[in-house]
Structures are given as structure tokens and as C-alpha cells.
Amino acid sequence: MAIKRDFIITELLIYPYPEIREAVTLLNASTEALSQRELRAVLEKVTQALNVNDHPATPHVSLQHLQARLKSELF
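Okay, so the sequence shown: first residue is 2 according to our numbering, each after it adds one.
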């Protein structure tokens, strides 16, 4: 089952990171089915957010879960 654009946007909106805002902007630019290019770009932004904002107090489990789902869609 393919991951839905709205699901990704909803999951991302809880994170205030600039990288995540960029990913949401990218996703909001279209209403078509997600392309491989878009999935890769969002995965890149999620990975950047996890690398840059690695604070022990920040709950990254759901963002890591989303990262894994995006990877599974690509590979």
C-alpha cells in the first residue's frame, strides 16, 4: 500500500524544524500521487532534521518511523 501525501504532511506538521517545513512546502505544491522524486526529497529532509536536531529531550521515534516508511516506499 502506497503512503499517502496527506499522511506524510500530517506526520510532519508536529515537528517545528526548518527541514520539515521545507518538506511540507514541497508536498503542498501538488495534489498528484507521490512521485519517487518527491519521496526521496522528503526522505532527505527528514534525515537532515534527525541529524541536525538530535536532542535527547525531543521525541524522534515517530519521525524515525516515518523515515523508515519512506525508505520502504523507495526500496
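Be aware that a few hints might be false.
In the SDA-like style, the derived pairs of lysine to any residue whose C-alpha atoms are separated by at most 20 Å in a straight line are [unchecked claim]:
id: 1; residue 1: 5; residue 2: 54
id: 2; residue 1: 5; residue 2: 31
id: 3; residue 1: 5; residue 2: 52
id: 4; residue 1: 72; residue 2: 61
Worth flagging that the hints you see were computed from the coordinates, not collected in a lab.
Which earlier hints can't be squared with this structure?
1 and 3
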